[in-house]
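Sequence lines, in order, name chains L and P.
Okay, so the first sequence: first residue is 115 according to this note's numbering, each after it adds one.
Okay, so the second sequence: first residue is 466 according to this note's numbering, each after it adds one.
Treat the hints loosely; a few may be bogus.
[Unchecked claim] Within a straight-line C-alpha distance of at most 25 angstroms, the following computed PhoX-like cross-link-like pairs (lysine-lysine) qualify: (1) L:259 <-> P:756; (2) P:687 <-> L:196; (3) P:740 <-> L:258; (4) L:259 <-> P:757; (5) P:687 <-> L:258; (6) L:258 <-> P:756; (7) L:196 <-> P:705; (8) L:166 <-> P:740; (9) P:740 <-> L:196; (10) P:757 <-> L:258; (11) P:961 <-> P:886; (12) P:746 <-> L:196; (13) P:740 <-> L:259; (14) L:259 <-> P:746; (15) P:687 <-> L:259.
[Unchecked claim] Simulated coverage check for chain P against chain L, where a stretch passes if three residues somewhere in it have a Cβ under 8 angstroms from a Cβ of chain L: (16) 473-481; (17) 495-509; (18) 613-619; (19) 623-630; (20) 701-715.
Since the hints were made in silico from the structure, they are not lab data.
Note that the Cβ used here is the ideal one computed from N, Cα and C, for glycine as well.
Here are the chains, one letter per residue:
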Amino acid sequence: MSEILQIESILNKDYESVNLVLFQEWIESFDKLSKLAVGIIVGPSDDVSLIKDELDFIKLIVLDFNNFDDGRGYSQAYLLSKRWQFTGEIIGINAHLDQLQFMIRSGVTSYVLLDSYVGVNEEDYANGFSICYQEAANNSGLQKKY
Amino acid sequence: MYQYSPEDSNFLVERVNQFEKQLKRHLAGDLDDAKFRSLRLRNGLYMELHAHMLRVAIPYGTLSSTQLRSLADVADKYDRGFGHFTTRQNIQFNWIELPEIANLLRDLSDEGLHAIQTSGKATRNITADPLSGLTDGEIEDARPYCELIRRWFNLHPEFSWLPGKFKIAINGAKLDETALRIHDLGLRLVRNSEDQLGFSVFVGGGLGAAAMIAAETASFVKVEDILSYLESTMRVYNLKGRRDHQKKLRIKFLVRELGADEFSRLVDEDWQQTKNDPNLKLNLVELEQLKKDFALPIKSINLGGFEEKVDFNYSIWKKNNVRSHKINGFSIVNISLTKLGAAPGDATSEQMRILADLGEKYSASELRTTKRQTIVFPYVRKDQVYDLWQSLEKYGLASPHQGTLAQIVACPGRDYCDLAKAVSIPIATRVQERFNDMKTLLDIGDLNINISGCENSCAHHHIADIGLLGMQKNGEEYYQITLAGETLHETVIGKKLGPSVSGENIIDAVEIIVNVYLKNRIDQERFTDVFKRIGIAPFKEKVYE
Ligand code: HEM
Ligand code: SF4
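Bound conformation, chain L alone (with noise of 0.2 angstroms):
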C-alpha cells in the first residue's frame, strides 16, 4: 500500500486529473466527498459491498494488483463492474503484465504497470488467446467456447 498512498491524482480516459481519497476516508467522510467528484483508492482488503449504493457519486474507482498473489482485486473489479454496474472508470493500478489478461476480463477498465517492460509487446499479454472458456465482466472479444 506504501506506493498508492503517495497517489494524490490520477489522470483519467478523458486526461482530467481527478483527485483521490482513500476508500476509508471515504466511508468516513462520505457526506463531504459525494459532492467533490472524486475516485476512490481501494486495496485488496476493502470490504467494496459497502460503497454499493454510492457508486453514482463516484467517478473514478481505483483498485491495487501490487501484490502479485493477492487475487482480491479480481473480485471486486468484477463486482464493481458486473453485479453494481458501476459505469465510471476501474483503474488498476500497480499492475503487472502476466495479469493484464485476467484484470481486464474481470472489469478493469484500464491500468497502470507497475514495472516498466522493455521489449514486450503489452497487447500479447491483455489479449493472448483466441478463445475463452467463461463468461466474465468482460470478455474482451473473445469467443466464448461452451
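Once you have looked at the hints, place chain P with the ligands on chain L.
Relative to the frame of chain L, chain P with the ligands by itself:
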C-alpha cells in the same frame, strides 16, 4: 473416447507459447523469482536445486493408449525414462531441462494433454471416480461434468489467484473412490425427490496437519446451476480466505473459522445474485454431446459356455484385482505398478508402452488412473482376462500382492524428500517382509496401510485402515498410528491410537493391530467395521501393553 476440438488444442498451444515467453523472460532476468514461481506453478513446473519437476494432468483419470504412448515418449525424450503417477490423477516427470519444457508441452498438446493449473493457487485438475461409467447403481458418469467444470475454471479471470490451491473431485457412483470429502470442494451427483439431476456440494475438506472433512454447504444444486454456485463459493473464498497466514490458506480454515452454516449463508447470498443469469448456466447441449463422447465403447455380450481357467496364481490375482462390470460379459481389471522397495506409482516408459499396447488389445484403448496409483483397464472381456493376466505376468505386472495388505501406499519419505521427518518406503518394505506369507495375506484381505513421512500427508495416511505418520522425537524417528480412516462408504479421519511408536517397534505394532483385527473379525467383516464394533480400546491395550 472424448477428444479435444481443434480450437481446444489450439488453446493449449497458445498457453504453451505464453508460458515459453514467461520462461524466457525469467531466464533473461526480466521476471523475478517470486513472480515466476507463481506463474510456473500454474503450469505445473516445480524447480528444485538439482532438478525440475513437471506435473501433467490426466483429466478425470482417463487416458487413451495413444496418450499413454506420448507420455512414454516424453519420459524417454525429456526425462530419464520414468514417469510417476500421483494419487490425484496426474503424472510427474522429475528430471526436466528448462529449455525443453515448451517443446515437451507442445508434444503433449498434440494429444490433448497439458499442465495447466496442475499446481499453484487456482483450481487444480478435477478428479473423477476412476470407475466412472462402469459400476452398477451409479447415478451418472461424472466425467462430462468434470470436463465442463474444468473448462469453465481454465484461466478463469476472477479465480486464478486464490488464497490457496483448490482441489475439486466429482463422484457419480455409489461408492466414493474419489475421497471427495477430503477435497477443498467435492461434488456428488444426486437425484432429488422430483427425479431432477443435481449435486450435493461439500466444502472445506483436506488432509495435512489439520485434517478436516468437508461440510455439506448445499444438499441439492441443479446441474445447470452448478457453475454459478461454484463461482459464488470461490468468490467468498477469494475475498475472505486467510491470506495473512501461510498455514491457513486453504478454504478449510475459512469454513472452520466462519462455521459451515455462516459460510454456506454467504455463498447463498452471493449466489442469489447470479443463479438466474443465463450466461452462467451450464451448457446442456454441450453436456449432451459430452455424454455421447464419454459413452462406453462396449455393448453387452453373451459369452455363453465360456469356462474360467483353473490356475492357483491366476485365481489369487483375480480375486484381488478383477471387479465386476455393469455391462454383461466384461470385467474391470486393476494393475499395480508397485514393486517391493520402490516408490509407488513410478512407471518406466517401457511399462507405459506395454500398458498402452495391452490396453489397445484388451480394453478398447482406454485406461484409467486411480488414487492408489494403479492403472485400471475398464473394458476387458471376461473370456480375455486370463490372456491379459498371462501378458501381465510376463512383464512382471501381475503381482498377487496387489489388493492385499502388502500393497502399501508410501510417500518417498526421508530417502527422497527434504521435508520428511522419517523414512516411509523402508517401513513399507519391512511390513511386506513381516507379512510375506500368501496364505496369511489372503486371509487378511484388503487392508490399507498408508505411510507419510511428514504432516504434508502425501500418502493420505488419515484415510487408511492403518495410517502411519513419521515424526521426530528426541532426534529419533517415531510414527503416529491412526486407525480406521476411510472414504469409500463414508468419510472418516482415522483415530489416533496413542503415543507414537519408535521406528524399531512400529512393525510389531502393525502386526499386533492386524492380529486384534483377525481375532475379533466375524466372517468377512472389514477392518473399519470391526473397529466400529469393538472400539479403539482392544487395539490400544495390546499395542501399549
Ligand atoms: C511416491 C511419491 C509421492 C507421492 C505419493 C506424493 C503424493 C503427493 C500428492 C498426491 C500431492 C498432491 C499433488 C496434486 O495436487 O496432484 C503431493 C503434493 C506435494 N508433495 Fe508429494 N508425493 C510424492 C513425492 C514427493 C516428493 C519427492 C516430495 C518432496 C521433494 C513431495 C512433496 C510434496 C509437496 C510439498 C506437495 C504440495 C505441493 C503443492 O503445493 O501442491 N512429494 N504429493
Ligand atoms: S508426506 Fe512429507 S515426507 Fe512424504 S513426500 Fe510428502 S512432503 Fe515428503
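Structure-based check of each hint:
no. : hint            : result
1   : L:259 <-> P:756 : holds, 17 angstroms
2   : P:687 <-> L:196 : holds, 24 angstroms
3   : P:740 <-> L:258 : holds, 19 angstroms
4   : L:259 <-> P:757 : holds, 18 angstroms
5   : P:687 <-> L:258 : holds, 23 angstroms
6   : L:258 <-> P:756 : holds, 21 angstroms
7   : L:196 <-> P:705 : holds, 20 angstroms
8   : L:166 <-> P:740 : holds, 20 angstroms
9   : P:740 <-> L:196 : holds, 14 angstroms
10  : P:757 <-> L:258 : holds, 22 angstroms
11  : P:961 <-> P:886 : holds, 18 angstroms
12  : P:746 <-> L:196 : holds, 17 angstroms
13  : P:740 <-> L:259 : holds, 20 angstroms
14  : L:259 <-> P:746 : holds, 13 angstroms
15  : P:687 <-> L:259 : holds, 22 angstroms
16  : 473-481         : holds (count 5)
17  : 495-509         : holds (count 6)
18  : 613-619         : holds (count 5)
19  : 623-630         : holds (count 6)
20  : 701-715         : holds (count 3)
Taken one by one, the earlier hints all hold for this structure without exception.
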